[in-house]
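2 protein chains.
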Amino acid sequence: MKKSNAPGAPGGDEKPYSSDGAGAPARKINPDLTIAEIKHGVRPGDVYVRMRQPHSHIFRKVGPGHFVATPASDVPTSSWERGYRLLKKILVGRPLETAEEIHQRLNKVKSLAVFGSDAISSSAYATEAALIVLVAAGNGALGIVFYTSIAIAVMLSIIAFSYRQTVYAYPHGGGSYNVSRENLGTLPGLIAASALLIDYVLTVAVSIVAGSAAVISALLASGYAEQIEALEAAMPAFLNLNVVLSLFFIGLITLGNLRGIRESGTIFAIPTYLFIVSLSVMLLGGLFKAFTGTLHPVTPPPLLPIVEPLGAWLILRAFSAGAVAMSGTEAISNGVPAFQKPESHNAATTLTVMATLLGAFFLGVSFLATRMGLVPGQETIISQVALAVFGASLPYYIFQIATTGILVIAANTAFVDFPRLSSVLARDNFMPHQFLFRGDRLAFSTGIFALGGIAALLVIAFEGSVDSLIHLYAVGVFLAFTLSNSGMVVHWWKLRGPNWQTSLVINGVGASLSVITLAIVAVTKFALGAWIVIVLIPIITSLFLFVHTHYSRVAEQLRIVPTQLPPKKIDQLVVVPIDDVNYASLRAMAFARTISSDVVVLHISTNVERTEKAKEKMRAYAPDLKMIVVDSPLRAFVRPLLAYVDAVHSQHPNAFVTIVLPEFITAHWWESFLHNRTAARLRSAFERHPNVAVVLVPYLLER
Amino acid sequence: MKKSNAPGAPGGDEKPYSSDGAGAPARKINPDLTIAEIKHGVRPGDVYVRMRQPHSHIFRKVGPGHFVATPASDVPTSSWERGYRLLKKILVGRPLETAEEIHQRLNKVKSLAVFGSDAISSSAYATEAALIVLVAAGNGALGIVFYTSIAIAVMLSIIAFSYRQTVYAYPHGGGSYNVSRENLGTLPGLIAASALLIDYVLTVAVSIVAGSAAVISALLASGYAEQIEALEAAMPAFLNLNVVLSLFFIGLITLGNLRGIRESGTIFAIPTYLFIVSLSVMLLGGLFKAFTGTLHPVTPPPLLPIVEPLGAWLILRAFSAGAVAMSGTEAISNGVPAFQKPESHNAATTLTVMATLLGAFFLGVSFLATRMGLVPGQETIISQVALAVFGASLPYYIFQIATTGILVIAANTAFVDFPRLSSVLARDNFMPHQFLFRGDRLAFSTGIFALGGIAALLVIAFEGSVDSLIHLYAVGVFLAFTLSNSGMVVHWWKLRGPNWQTSLVINGVGASLSVITLAIVAVTKFALGAWIVIVLIPIITSLFLFVHTHYSRVAEQLRIVPTQLPPKKIDQLVVVPIDDVNYASLRAMAFARTISSDVVVLHISTNVERTEKAKEKMRAYAPDLKMIVVDSPLRAFVRPLLAYVDAVHSQHPNAFVTIVLPEFITAHWWESFLHNRTAARLRSAFERHPNVAVVLVPYLLER
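As you go down the protein sequences, you meet chains A and B in turn.
Per the numbering used here, residue 1 is the first one in the first sequence, and the count goes up by one each step.
Per the numbering used here, residue 1 is the first one in the second sequence, and the count goes up by one each step.
Hints may contain errors.
For chains that are exact copies, the list does not tell them apart, and a pair is met inside one copy or across any two.
Claimed, not checked - Capping the alpha-carbon separation at 20 Å, the derived lysine to aspartate or glutamate pairs in DMTMM-like fashion look like this:
1. Lys-494 with Glu-182
2. Lys-568 with Glu-616
3. Lys-568 with Asp-624
4. Lys-568 with Asp-580
5. Lys-289 with Glu-101
6. Lys-569 with Asp-624
7. Lys-569 with Asp-598
8. Lys-568 with Asp-598
Hints in this document: simulated from the structure, not taken from any laboratory.
None of the values given here were measured: they were computed from a predicted structure.
If we strip away everything but chain A, and leave its shape as in the complex, we get (with noise of 0.2 Å):
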C-alpha cells in the first residue's frame, strides 16, 4: 500500500494538523466565531469532516463574544447515539430548553388529584392493615376495627389542622424540613428530611404494591385464580404477579415523571375523582344494604382459630397498623406555591376537603367490613366490600379500576416530592449535587431514577406484600409530622405573633398526639420491620452531615483569597516519554516544543539495540532536543518514569510536570486489544500528582 493515503501523506494539508512548513512560527488563531463569513472551512479529504456546515447554524451571536448554542449542536455523531436519542425521544420526549419551563399554577380541584391522592388513597388498605393484626384474636374481634379507626380519624383530624396553620405559617412552602431546619436547628431538620424520603419511598412501595393487589383482585373475583397460580408457577422464585405488576407500574410512574408530568394535573384528576365518585357511591350503597339488612359478604368469611387473646397489645398493633391511613397528609403543605391565589387560603380549604375524605372514606369501608365480619385474604377487604355491595358487576369493576388508578397516582405524589425536596438537599449541599440535575425535560432525573429503584427493589425484597411493607411506612411519617408540629410550636413562641397562643396549642396537640403515636408505632411495629427504618435515619442522616462537610471543605479549598492568587504563570517542564521515535512521537515532540522551551525527551530503555536506534533518529529528526535515557533492568515504563518525575521534584519542588505522550486512537475498538495500554496506564499512575499533568496527543490510525 502507498503512504500517499495514510496521515502522513505527502503536503502539510492532509497531516491531522499542520504549519505552513516544518519550523515556520506558530500562527495566531482568533477563538472567537466569525460567523457568517465562513461558508465550508474543512477541505474534502480531511481527516476531520464532521463539520460541513457553516457554523452560523450552530451558534447564535447574541453579543461580541457570547453565543447560543442552537439545537443543531446537539446533534448526535454516532449511529448507536442516534439509537440512543431516538429511544430516549420516544419514551421521555423532546428534550427542552430551560426557559421552556412552565410554572403553572393548580386550582383546588386539580390540586386535590395532585397533592391529595396519596392521603385519599390509603383507605384503600389502611382497614386491612389493621384487620390483619386482629386476625390472631378470631373472628370476634374483628370488630375492634372500627373503634381503632375512630381514633385514628379523630387524630386524622388534629393533624390536619396543625397542618393548617403550617400552610397558613410558610406559604412559600412547609415541608417538614424547612419547618423543622427553620426552628428546630439543622439537625432535626435532617431528621425530617431521612424520615421524608424514607417515606417517600415507601409511599410508592405501598401503594403500587396496594393497586396490584387491587387489579389482583378484580381478577381472582372473575375467577381467574387458576390461571394467576399457573402463571406465577412459570415465574423464577423471587418473583410473583404482585411483584411483576408493580415493576411494570413503578417503571411507568418513572418514565411518566422523567416526561415531566409532574404538574399536568388533569392526568390525574380523572382517577382520583373517578375514586372519590365510585367509594361514595359504593359506601352509600353498602350503608342502605346495611341498615337494610341486605348485606352479606359474597363468600362467607372463613372461621378464625384463636391464637392470641385480644388485648392491649393487639389493639395497639391495629391502631398501629391502620395509622398508616394518615401517610401523605403533610403533602399539601410542600406543594403551597402551587396552589392558584390566594395561595394559603386555597391550600388550606383543599385540606379540609382532604382530610373530610380521607375520614369519611376510611371510616365507612372500616364499619361496612366489620359490619359483615370480613377477613383479609388473598383477595383485598375494600374489593370484598365492593363486591357484596356491588356483586360481581360492572359498578365493581369501574370501582376497582379507579382503586388501582388513585393507587398508582399516590405514587406519583412521592415521585414529586422526593426528587424535590432531595434537590433542595443538595442545594444545601446535604446531597451528592447530582440530585441538583435536570433532565431533557426539566425533571430532576436523579432523584426520580433512585426513588423508582430503592423502590422497585423494595418490591422484590418484601415480596410485593404490603403486609409486610406497611411494618416499615409509619414510623417515618410520624416522626415527620412530630418534628414539623415541634418546629411550629417553636415557630409560633418566637414569632408571638396574634392568635399566637391558639396556633401553638393546636401544634402543641399536634406535636403531642404524634410523638405518642410514634412512640406506640415504633414500639409496636419494631420487630416487624420499624427497626429498619429506626436504623436507617441515623445512617441517612450522617450521610447527609457527611455530604456537607466535604462540599464545605471543596468550597473551603476552591474559595479565591485575592491575597493569594495562584501564580500567572508557572514553572513548567515538559516530559516527552518515548520508546521509539516515529511520526506519532515526533508529532507529540512538536507539540511539547509548542508549548514549552523546557522538553526532555525521556527514553525507558529496556533493549540496548531500541535505545540506540532511538538515539540516532533523536539525532537526525529532532536534535533541537534534549534526550535523557533511563534504563529499566526490570522491564518496567511506568514506574522509572514515575521515579524520574519524583527526583525532578526533589530537584525542583516547584516545578510542575507535563508529560505528553501520543496515544493511538484505532480505527475500530476491537483493534484497541493490540496495543497496550500505556496511556492509560500512565494517566492513573499520575492522578494523584498535584503537579503533573498528563497530556495524550491524539493519533488518529486510520485504518
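The hints should help you fit chain B onto chain A, whose structure is shown.
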C-alpha cells in the same frame, strides 16, 4: 477551619506549585538529574512528600543524560500495591533483571525429561483411548488394539526418523511453523502455527486430566470409591473431582512457569525417570507373569454387550484414537538450541531414545491390556495393568505417582512451547505484541496465562473427561506433521545437498503417512469433536492475518518519511472551559497561559446569574484572558463544547485545540461520587478527534 492548612494557604511556597510571585516569569528547569548534589529537596509541609531520600539511591548515573533505574525506583506507593507485590513475590518470586537471564544448555538426560515427557507420557492413556472405541464390539474385539498399536508404533518410528532430518537441517529450531513458513509460504506456516497452538492447549488439558485420573484410580484402588462419590455429590453440577484436581494442577503449572522454571531440567527429570523406570519394571514384571501364566486382572473384566459389529470403520477409529500416542514427537525439533553441543547430534540421539521408549511402552501396555482382556472403566487401563502386576502394594502406588508426575510434566512441555511460539508469532506481527511481554521472571507471561486459562476452560467444558478431549487432539498433531514434513521435502528439493534424495524420500514418506493419518483421523473423529479443530484452524489463521494487516498498517502510518516531517511547532488554541472562577480554575488558566499565548476561557452558560458572577470574577482575577460565553439552553455541557471546537476547526482547519480543565482529585475514592464526571466525559468525547488534546490539571482536594 482556617484556610492556612488548605492548599490555598498564605505564601506561594505551600501551594502545589508556584513561581516567585504572581506574574513573575517562569524559571528554567534543569531536566537532568544532578545526582549527589541534592540531599532533601522537599521541605516538610509540602504537599508532595513521597520523595524524601536523595534520588542518587534511585538512579545511578552511567553517562551524560543516561541513568539506570535501581530497584529503589520500584518501591510500591500504596498499601494495596504493597500487598499485591508481596503476594506476587511469594507466588512468583522476586523480579529478575533482564541481564539475569540464563541460557542454560541441557544435557541429554535432562533434555529427554524436558522435551520427551510429553511424548513418553502418551503411553499412559493411548491404549485406553483405542480400547474405548472397541468396547462397542464386545470383549472379543478388544484384542485388535494390539495390532493397531503395532501400526502406530511403525508410524511413530517413521515420523521420528523424519524429524531427525529436521533436527539436523534446522539446528536453530525447526518447529513446524518455521519449517512450513520458510519452505511452503506464510499461509501454510500460519496454518501449522494454529494447529500447534491448539495442540499445546490440548496437550495441557489431556495430560492434566489423565494425570488427575491416575490419582483418582489410585484412590479407587485403595477403596475410597464411596468417599469420592460423596465428595462429588457435594460439588456444583459442572464440577467433579477430576475437574477440581485438574484445575489445581493447571494452576500449579501456570504458577511454576510464571516463576520461570522452564529450563530447570532437574525438576522434570525426577518424575520422568521415575516413570520410565517404574513403567519398565511393571512391563517386565507383566511380561514375566504373562509368560508364566500368572497374569490375571484384579477384578474380572465385565462382559460387554455387542452394540456394533467389528468392521473396518471401527478399526480405523481405534487406530485414530490410539494415534494420540504420537503427540509431542515434534517437541525436540523445536528445542534444538537448548541442547549441549553438538546440538543437532545430541537432539537426534534424544529423539531416537524418546521414540524407542514411547514405542516400547505403548506396545507393552497394549499387549498386557489385551492379554488380560481389560475393559476401560472409571479406573484407568494402565492402573488396572499395574494393579494386576504389582497388586495394591507400594510399587503400584509409586507407579501411580510416577504416572501422575509425568503427565503433569508433559503439560509443562506445552507451557514451554506455547508461550515461545506465541512470542515468535507476536515478533512476526501475527499475534498481539502483548505476547512478547516478559514478566517479572522473564517468562512470556501473557502466553502462560492464556494457555492456563484456555486449558482450564476446556477441562471444565469437557467435564474432565480424557475420552471426550482426545477426539479433538490428533487433527492438530497430524496437520503439523504433514506441513512440517512437506516443508522438509521442499527444503531438500531446493537445497540439493549431499544425499538430498534420501532425505527427501524419508520426509516424503513421513508427509504421506501423516496426511493419510490426518485424513483418517479427521473423518473418523469428525462428528466426535474433530470438527471443532477443523473449524478453529482457519479462524485462528485468519486472526493471525488480521493482526498482521493491522500492525503493518500502523507501522506504515508511523514511519518517518524524511521529506514529510511533521511541523516543528503547531498552530495551537488553548481552551479553558470553566463553570465558575475559583482557585482550581485560576490554576488551570495559569497552566494555559504558560503553554500558549492564545488562550480563551470558555464558559458554557446554563444560568444567567452564575454567568454574570463568573464574568465579574474574570474581570477581577484574569482580565488578560479572552472570555467567550456560550449559552446552552438544553443544559448540556459537553455537546456545546464539541460544537465550539468544531466551529474553531471550521475557521482554522489546521488548528490544534488543547482543552485545559481542572480535575478534582478527591482525598478518598468514595468522595468522587459527590462530583460529576465532567473531566472523564470530556476526555471520552474528544478521544477520537485527531487535533484536540485534553489536559487535566489535577487539583488535589486535601480533605
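Outcome of the hint check:
no., hint, verdict
1, Lys-494 with Glu-182, "within (11 Å within a copy, 98 Å between copies)"
2, Lys-568 with Glu-616, "between (39 Å within a copy, 18 Å between copies)"
3, Lys-568 with Asp-624, "between (28 Å within a copy, 10 Å between copies)"
4, Lys-568 with Asp-580, "between (35 Å within a copy, 18 Å between copies)"
5, Lys-289 with Glu-101, "neither (51 Å within a copy, 99 Å between copies)"
6, Lys-569 with Asp-624, "between (24 Å within a copy, 12 Å between copies)"
7, Lys-569 with Asp-598, "both (14 Å within a copy, 14 Å between copies)"
8, Lys-568 with Asp-598, "both (18 Å within a copy, 15 Å between copies)"
When the structure is compared with the earlier hints, a violation turns up for hint 5 alone.
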